[in-house]
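Q: The chain contents come next:
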Amino acid sequence: MSGSRRVRLPEHTVEIVSDAGEGAQKAAIAFAQVCAKAGNGLWTVEIIPSEIRPPPHTTGSASGNRIRLAERDRVTNAGNEANVVLAFNEMALLSRLEAGSLAHDVLVLIDDQWATHEVEKHRISYREVLDTFRARGATIIEVPMERETLRHAEDAQQGKNMFAVGLLCALYSKDLDVLDDVIRVIFKTKAPEVIELAVRLAAAGYQYGVANFKECFEIEAHPTDVPKVAMNGNTALALGAISAGFELCSMYPITPATSASHALSEIFEDFGGFVHQAEDEIAAIGVALGASYAGMTALTITSGPGMALKTEFQGLAVMTETPLVIVDVQRGGPSTGLPTKIEQSDLLHALYGAPGDAPKVVIAPSTIEECYYILSVARKIAEEFRMLVIVLSDANLATGQQLFDRPDVSETPRRAPLDLTPVPPGALPYDWDPTTGLSERRIPGQPGGMGVTTSLNHDRNGKACYDAERNQRGHSMRSRKLAALQQSLQPPRVHGAPEGDLLLVGWGSTRGSIEEAVDTARSAGLEVSSVHIQFLSPLPPGLSDIFSNFRKVITVELNYSDDWNDPLITKENRRYGQLAWILRAATLHDIDCFAKVPGRPYMPVEILGEAKRILEEQSVVENPRERLIASEGAT
Amino acid sequence: MISMLAEESLLEICAIETHSLDEYESEQPRWCKGCGDHGVLASLQRVLRKNNLEPENVVSVSGIGCSSRLPHYLKTYGFHGIHGRALPIATGVRLARPELPVIAIMGDGDCFSIGGNHWLHAIRYNVNALVLVLDNEVYALTKMQASPTTPDGWKTNTTPRGTYLHPLNPLSAVMGMTNVSFVAQTATWLPAHLDETIEKAWDHHGLSFVRILQRCPVFMPKAFGEGGLNFPVLFLENDDGIPVHPLLLKRGRAQAHDHRDINEAQRIALAVDPAPMGLIYQNPEVPAYEEIRWQRKDRPDRATFLQRLDSALDRYTVS
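These protein sequence lines are chains A and B, in that order. Heads up, the first sequence is in my numbering, so the first residue is 1 and it goes up one at a time. Heads up, the second sequence is in my numbering, so the first residue is 1001 and it goes up one at a time.
Derived from the structure by calculation, the hints contain no laboratory data. Relax, there's no trap hidden among the hints.
BS3-like, lysine-lysine: derived pairs with alpha carbons at most 30 Å apart:
id : chain 1 : residue 1 : chain 2 : residue 2
1  : A       : Lys-380   : A       : Lys-463
2  : B       : Lys-1050  : A       : Lys-463
3  : B       : Lys-1222  : B       : Lys-1143
4  : B       : Lys-1155  : B       : Lys-1033
5  : A       : Lys-188   : B       : Lys-1297
6  : A       : Lys-190   : B       : Lys-1297
7  : B       : Lys-1033  : B       : Lys-1143
8  : A       : Lys-612   : A       : Lys-571
9  : A       : Lys-552   : A       : Lys-571
10 : A       : Lys-228   : A       : Lys-188
11 : B       : Lys-1297  : A       : Lys-380
12 : A       : Lys-463   : B       : Lys-1033
13 : A       : Lys-612   : A       : Lys-596
14 : B       : Lys-1143  : A       : Lys-463
Distance ranges between label pairs, derived from CB positions:
id : chain 1 : residue 1 : chain 2 : residue 2 : range
15 : A       : Ala-483   : B       : Asp-1152  : 52 to 62 Å
16 : B       : His-1038  : A       : Gln-472   : 28 to 38 Å
17 : A       : Asp-563   : B       : Asp-1152  : 54 to 64 Å
18 : B       : Pro-1300  : A       : Glu-469   : 42 to 52 Å
19 : A       : Asp-408   : B       : Ile-1292  : 30 to 40 Å
20 : B       : Leu-1165  : A       : Lys-188   : 50 to 60 Å
21 : A       : Gly-448   : B       : Lys-1050  : 16 to 26 Å
22 : A       : Gly-448   : B       : Pro-1300  : 31 to 41 Å
Yeah, the Cβ is synthetic: ideal placement off N, Cα and C, and Gly gets one too.
Starting from the given sequences, assemble the full structure and let the hints guide the process.
A: Here it is in C-alpha cells:
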C-alpha cells in the first residue's frame, strides 16, 4: 500500500456518525459486512436519535453505528472506548465525546468542509471541537469528504456515506472488490445508476485513503468453514419465531421492539403465519391470547410501555392457563423514558406487574444467537406447562449485530397438527396433577370438551367458585407449575473459578461485557468470577451454594439503584438493582449491585473498574497491609 | 351412505333439527329474575339449534359484567374474559380458526366505554362474528353507575344529581365506521323480533353488530319506558329485513327502510326518538379480515418450510 505503514492489531472499535438521514448507518452496515466476509469477529451497535429528522448539525442528531471488530471470531459485546471515529460533522463527533464513547487517543476522520463553511457558526464550532479533541490527545485527519463526493455526485448527501466506507476499507486494509460486492447486494433494489454511483464513490474513498493515510491498520481474519450469519437481535427473534413454529405475531408499533415485527411481516406469510397489527397494545395481547386459546401458536412483541398495558391480559393468561409468549424488548423508562436506548428495568414488572398472584415464566436471552433459539424454548414451556412465558430482550440485543454459527434448519422443531380428538367422558378442564399442577389443555372443536374458560377463580371442573378452599387450591396449582419447571433446570455455570473474592451476577445482554471484564480481571490475578442467569422465574437451582463460595456477590445490571454515597441513602431505604432485589429475597445473601442507567451497554472496563474498587474496599476493611501488595500485583 | 352435501341439503329441506335445546344448556343461569339476559340466552340457543351446530364447534366470548356471564350458561366452548376485551379475543379466535362460528357478548359499559377502541376497530376489521351488546344503559354488576348510554339526567350512584352528558348513540357511531357491514337493533321485550334479529345477524357474513335493548329490573326498572311498555319505537320494514309481525305494531309504527343504502342507514341511525328497531344496515360484500389474512398466507409442507427458512437465513449469511 503506497508507502503507508501497516499496523497489526488484535481488535479495534470504530464509530461512524453523521446527521440522521445522511447514511452513516448504511455505511457501517457495508463496512461490517466487508469485515464479516473477511472472517473478522464483530459486534455492531446502532447509535440512534429519538427523532426521525432532528435539527441537523446538533449533537442530538448524531446517528450511526459502533463496530467492534477482532481477529478472534467471537466478539461478545460492543467493547470499550472507540479507537477510531469517522464523523460527517463536528457536532456528531462531539456527541460521541459527550456519550463517553471515545478513547483519549482516538483517531478522528472528519469531513473538512466545515473549516471553510460559509456559516461562521459552523467554522467556529468545528475549530473548537477539534481543539478539544487535540487537547485530549486525539489524532485528527481532516478529509475533504464533501468536495471529493461532489466530483462524482451532484448531491453530496447522496453518496458521501459510500465515500466514507471506502475510507474505512483503506484504513483497515480491506479488499475493495469485496466492498464492491457488498454494496451491490445492499443496493440491489435500487436503480442501476444509483448502484454504479455508490460503487464509484466507495472506490474514490478507498483511493483517497490509500493515497493519503500515512498509517493503516490490519486486523487479521481467520475465515472458517463454519458458515456464519450476522443479524440483529430483533431479526433473530423474528426468524426464531418462525423456526419455533409460531403462526401469529400480534403487535402494536413500539420502539425498540417493532423491527422484529417488520422482519416477520416481510416473510411470515410464506411460512403459514401472519403479523396482526392491532389497534392498541391491549388488543395485541388479546388477539394473541384468543388465537392461542383456539389452538394457534401465538406471541406478542412489545416494549416497556406496551408491557404495562398488557398486564391485565397477562393475569387472564395465567388464570385461564392459556399458553402465551410475550417478548419485551426493554428500553429506558419510566414512561416514555429513553425509547431508543437500552435498560433492563422491566424485570420486576415482568415478574410482578400483573395484579393478583400471577406466577409466570421469565427468561432472558444473553446473546443475539440466543434470541434465535429462545422462542423455541418459550413455546415449549408455554404449551407444556400451560403458562405465560415472558422473554426479556433489550435494545442492545435488538439493534446490535453479532456473528454466530448459521442455524441448522433441519433441527427446527416439528409442528404437530391441531389435535381435535374427543375429550374422554369425565375428563376435567383443569385436572391438575396434585404434585406438578399440570393439566391437559383442551381446544375448541374437541367433542365433549365444551365449557367455559373463565377469568374468575375456578375449580378442577372449570366452574367459577368463591370459597376459600378452592381459591387456595387454584393458586397453589398455578404456582406449583413453576416449582415443577424449576426442578428440571440445571444450576448455572460459573465463568471463572467456582470460588473467589467477588462474583458478578448478570442477566440478559450484559453477559459479553461481564465475562470479558472477568477474563481481564483473572488474567491480572484477581479472583473474580461471574454467573449469568437465563431463567429469572423460576430461578435456577444452586444459586445459594454458588454465592456461598465468594466473599462478595454483586449483580451487574442496566437499571437504577441508589448509590451508597447519595444523600439520605441508608441500609434501610436503599433501592437495589432489580435482579439484586430478587436474589436477596430468594437466597438471603447480602447481595450488592452495580446498577446504573447510562442508556448504553456497559463497557467491560467499567465493570472491571467496579470489580477492582470492590476488591480494594474489601482488602482495606479486612487487611489494610495486604491491600497494598494485592493492588500492586493486580494493576 | 349419503354424501355430506346431500346430507346438508336434506337437513335444509326437511328442516330437521338434530340437536335438542338442552344440548346447548349448561349450568342454571344466575341472573336476576326479569333480566333480559335470560331471553338473549334462549334466543341464542334456538339459533344454534336451528343451524344444527355441533356445540363443540361454536365459541362464545365475553367481557365482564352481568351479560358477560352468558358463556357460563351456554354449552359451547366459551371464554369469559376481562372487562372490555371480548372483541380482541374473538378476533384472535377467528384468525386462528376461521371454521368456528364466534359469538361475542358484551354489555354497554363493556363494549362502548372500556372496550370502545376495540369496538370501533372490530367494525373495521369486520371479522365474521356475531356481536351482541346487551344494553341496559347502566353498570349493573358494580351496582348502578352511569354508563355511556344512561339517559339524560338519570340518577345513578356516580351521578346522584343526574347525568351530565347526553347518552352515546352506538348506532350512529358504528354507522360512521369504515367497513361496517351489519347493524341492527332489537329489544328483549320483543322476543319474536329478538329471535328474528339474532337469526338474521347469524346468517350475515361479516361482523354483525346487534344492540339489544333490555331493562335492568333491579337498578334501572324504569328504563325504556318501564321495559318497553311506554317506549317509542319505529320498526324498519323491508322484505329482506327483520319481519314486522302485525302484533308488533301495537308497540310502534313501521316504516319502509332500505338497509342497503348507507346514507339512509346513517340517517336512521341518528334517530333516537322513536328508536329504530330492525335491520339498519347490511352490506354482505365487505370482506372479512380473517379471510383476507388466510387467503394471503401460504401453507407450506415441512420440506418447503425448511427450504424457505434456509433461504431466509441466506440473506444474513456472511461467510
